[in-house]
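S.K.: What follows is each chain in one-letter form.
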Amino acid sequence: MTIERAAEPFLLIRNLVKEFDGVRAVNDVSVAINKGEIFALLGSSGCGKSTLLRMLAGFETPTQGQITLAGKDIVSVPPYQRPINMMFQSYALFPHLSVWDNIAFGLRRDGLPKDEIAARVEQMLNLVQLSAYGKRKPHQLSGGQQQRVALARSLAKRPQLLLLDEPLGALDKKLRERTQMELVGIIEEVGVTCVMVTHDQGEAMSMATRIAVMSEGRILQVGPPGEIYETPNCRFVADFIGSVNLFTGSVAVDEPDHVIIDTPEGRHYVTHGITGTMGMPVAVAVRPEKIAVQTEAPTQEQRANASEHGYNCVQGAITAMAYFGNETLYHVRLDSGMEIKVSRTNAARHNDAALKRDQRVYAWWDGADVVVLTS
Amino acid sequence: MSFLKNLLTLRWLTGRRVVIAVPFLWLAFAFLVPFLIVLRISFTESDMGNPFGTLMTLVDGVITLKVKISNYLFIAEDELYVLTYLSSLKFAAITTALCLIIGYPFAYFMARAKPTVRPVLLMLVMLPFWTSFLLRIYAWKGILANNGIVNNFLIGIGAISEPLHLMNTQFSLIIGMVYAYLPFMILPLYANLVKMDTRFLEAAADLGATPLQAFWRITVPLSKSGIIAGSMLVFIPAIGEYVIPELLGGPETLMIGRQLWDEFFTNNDWPLASSVTVVVILLILVPMAIFNKYKAEQEARS
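Quick note, the sequences are listed as chains W and Y, same order.
Under our numbering, think of the first position of the first sequence as 1, with each following residue one higher.
Under our numbering, think of the first position of the second sequence as 1001, with each following residue one higher.
Hints should not be assumed to be uniformly reliable.
For each label pair, taking beta carbons as the anchor points, the in silico distance ranges come out as [as the list claims (entries may be wrong)]:
1. I1094/Y with H96/W: 35 to 45 Å
2. T1210/Y with G242/W: 37 to 47 Å
3. H96/W with L1027/Y: 30 to 40 Å
4. F1153/Y with E19/W: 12 to 22 Å
5. R349/W with R1199/Y: 41 to 51 Å
6. E177/W with E1297/Y: 31 to 41 Å
7. V1018/Y with D239/W: 37 to 47 Å
8. K1295/Y with S142/W: 20 to 30 Å
9. L1122/Y with S142/W: 37 to 47 Å
10. I1290/Y with T63/W: 31 to 41 Å
Okay, the calculated bits of chain W under chain Y, using three or more residues with CB under 8 Å as the criterion [as the list claims (entries may be wrong)]:
11. 79-90
12. 189-199
Derived by calculation from the structure, the hints in this document are not laboratory data.
By construction, the Cβ of each residue, glycine as well, lies at the ideal position given by its N, Cα and C atoms.
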């Protein structure tokens, strides 16, 4: 959570707190967002992400803290005077106004000349490919079209900051995947800085340049999607983003270039140093897709990194398997009683070495592919 | 034959039909039949001794149908009736407008009040119904009379030396009408406003609308059906109102309800009174039909 950056960040949130009846919905949040970023606030419901977004829009007044946009403090600015527009969850399109009038609503409040409003609305309709639908009422449109109208309406005033509240939450799965790309394309075309709120990690990962993972009113980690996924900084983040196997144990060998961690499931050899001390309780996080699973013991060749020690390898029996088409997820019960998840990409159509239930297997992984979590 | 057989097996007697038939029959019995009787009387002549005559006679094998339309012609020609109808419409319109102006803010703040407070406010709106309508209108006499509460108070504080003439004026009539009909405006408006999604107001604010602009551009248009429903509930009964103009009105407050009463019971001219009634019903049916058409269109749209 570094706030200090070389250039002054575009949107700066400092020590923001929001209390509802003494309960802190947002608890001392500080984050800096750069111009042109698509920044995602990710968390489960009740984590405070929506409250944070509503404070940016101006619908909630912070109990404490500052919000500065382009160097100006906006906390005391009412929502209708902020250069910020929001695309609401399930859109909040005005049902009594046509698509055209919905998009023109904000422009009219600014008192722009008529022909300029018309030009801007047409431009927005073109942008979201709804030129032929200007006269329709919102309820005459499909969910995907409504979503695009909402986007056009929130972009029409050329806001300095665009807020998206669960932008794809109301769409079905297939449409969501297509719209994600479209939405990012439009936002990048317009070049607007964007803060989005979502509970869907896939949405955050595929759309955002950076993600802030929130829990209980706090930001736990901020970083690009790859960093959040591959180097989570705590158990919550590791577990929240994707799925993970956590082996808990303690540090047995602590060297600058590697560490060895003892767990009931066996020894773990990690090919990077950690900031920890000997004997410290830690968890080793291994993603299911980083684990190889096979019926024979891995060969020396296969286990170049960890082999010589015989570490990073566990044995167990398959208790359950779920076939997803592109991959198969196996649940393996280890001899220690712990159950781990292992996924295998179905690269070939016919796999002769397909694993079966109750089969005994070896599961092993590379010492470079794990993360040691100290909190 | 199969029709009779079907009828006898009672297979047509489904729950759905029974449920619809009960109110239907009630309306036919309590509204349609009396209306037809009134319609019939309006086309007859007043007889000696009888309040109204016959429409159809059978004498020597000849059926004579006598439809007298002069009552209607008389209503159309007589300036008094035309003026009374117009005056009724005027007072009903003023009442509706005032009820809307007073009732809208009330309903609005009721709908935006804390959910725990709302039932109490709703109770306060309905509380007057616990007392007889007649008594409440009578109470206004005590308030507005020359030696009533208002005048006594104003004389008491020295604001006036002579009592103001408040009773039996347009003023007292309108006060009574607005007072009596206000809940009928507030309740449908409240029901409409309380359902309104406040996110629309947030969206309006987000797009740069001040609270006042958001009210006129979003809240008012979205509560249109509530405004129409409340206005109809006030306007329609207000046209034919009898008790309030009788008790609080004066010589210059012509209302058709009072005129009707006079024709029936003072002049004993039932055919003319019936014609007046039929015209009143037509006057009320027209705005009703417009309202229903609007509702049907709205439902078809959503």
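S.K.: Hint by hint, which ones does this structure get wrong, listed from lowest number up?
M.R.: 1, 4, 7, 10 and 12
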